[in-house]
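Trainee: Starting from the known structure of chain C, fit chain L onto it as the hints suggest.
Read top to bottom, the protein sequences are chains C and L.
Note that this note's numbering numbers the first sequence so that position 71 is 71, with each residue one more than the last.
For this note's numbering, count along the second sequence from 1 and bump the result up by 113.
Hints are computed from structural coordinates only; laboratory data are not their basis.
Hints may be right or wrong, so weigh each one.
Now the in silico label distances, taken between C-beta atoms and shown as ranges [to be verified]:
(1) C:H57 / L:E166: 33 to 39 Å
(2) C:N52 / L:K170: 24 to 30 Å
(3) L:N164 / C:E17: 42 to 48 Å
(4) L:R131 / C:E17: 45 to 51 Å
(5) L:S151 / C:T77: 30 to 36 Å
(6) C:L61 / L:E175: 39 to 45 Å
(7) C:E17 / L:T120: 38 to 44 Å
(8) C:K56 / L:K170: 41 to 47 Å
(9) C:S94 / L:G165: 22 to 28 Å
Ideal placement from N, C-alpha and C gives every residue a C-beta, glycine not left out.
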Amino acid sequence: SQQGEEDPQALSIQEGENATMNCSYKTSINNLQWYRQNSGRGLVHLILIRSNEREKHSGRLRVTLDTSKKSSSLLITASRAADTASYFCATRDSGGSNYKLTFGKGTLLTVNP
Amino acid sequence: DSGVTQTPKHLITATGQRVTLRCSPRSGDLSVYWYQQSLDQGLQFLIQYYNGEERAKGNILERFSAQQFPDLHSELNLSSLELGDSALYFCASSTYSNSPLHFGNGTRLTVT
Chain C
1 SQQGEEDPQA
11 LSIQEGENAT
21 MNCSYKTSIN
31 NLQWYRQNSG
41 RGLVHLILIR
51 SNEREKHSGR
61 LRVTLDTSKK
71 SSSLLITASR
81 AADTASYFCA
91 TRDSGGSNYK
101 LTFGKGTLLT
111 VNP
Chain L
114 DSGVTQTPKH
124 LITATGQRVT
134 LRCSPRSGDL
144 SVYWYQQSLD
154 QGLQFLIQYY
164 NGEERAKGNI
174 LERFSAQQFP
184 DLHSELNLSS
194 LELGDSALYF
204 CASSTYSNSP
214 LHFGNGTRLT
224 VT
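Just chain C, same shape as in the assembly (with noise of 0.2 Å):
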């Protein structure tokens, strides 16, 4: 079963715009993680943000967490054709079994040159 759902299910921008995809979930977490995907490709970790954070950067990263809200956003800025990819939210239980860490569908975000 999945825990996040990320939103949009796919986003297509230009180059230079930003990118915001949100992921929102339904347990009390650990922590958040988000990882980009290319085609066919493995996962590759982006960013971790634990949930006594709110917000983290880095590089051309930010991720939020609100963890009242259940939710978490990725915003890539000043995006690049190089940034097409699928990106997904993963988050890790508090409870007694949190070693499974588990992901949602994706946002496949197309970024033309």
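Mentor: Then chain L, alone, in the frame of chain C:
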């Protein structure tokens, strides 16, 4: 390069057969995870091992089994294969159970 190695890259087999997928984790990582990715189901967690012991189980069918060996490599065994088992199977590893995952490039399984 994530440091996680999966073999084989591609596997084509017939229904009813059995296959073994192999994963070598990143050097120093004790946790190994297996995921199945298909178009309709997305990325489904199958099972996780930590230092040879099973730690968490997800949507893994009874026809599937896995293990992690003393040298930390892992194998996923899929038996009595069905057409619906066709998917990308990913292995990932992490240093600790709460750390980010490093994914291999997957094994693409096609069941005909």
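Trainee: None of the hints should be skipped; say for each whether it holds.
Mentor: Do the hints match the structure? See the list:
| no. | hint | in the structure |
| --- | --- | --- |
| 1 | C:H57 / L:E166: 33 to 39 Å | holds, 37 Å |
| 2 | C:N52 / L:K170: 24 to 30 Å | holds, 28 Å |
| 3 | L:N164 / C:E17: 42 to 48 Å | holds, 45 Å |
| 4 | L:R131 / C:E17: 45 to 51 Å | holds, 49 Å |
| 5 | L:S151 / C:T77: 30 to 36 Å | holds, 32 Å |
| 6 | C:L61 / L:E175: 39 to 45 Å | holds, 40 Å |
| 7 | C:E17 / L:T120: 38 to 44 Å | holds, 40 Å |
| 8 | C:K56 / L:K170: 41 to 47 Å | violated, 31 Å |
| 9 | C:S94 / L:G165: 22 to 28 Å | holds, 26 Å |
The structure fails to meet hint 8 from the earlier list, while all remaining hints are met.
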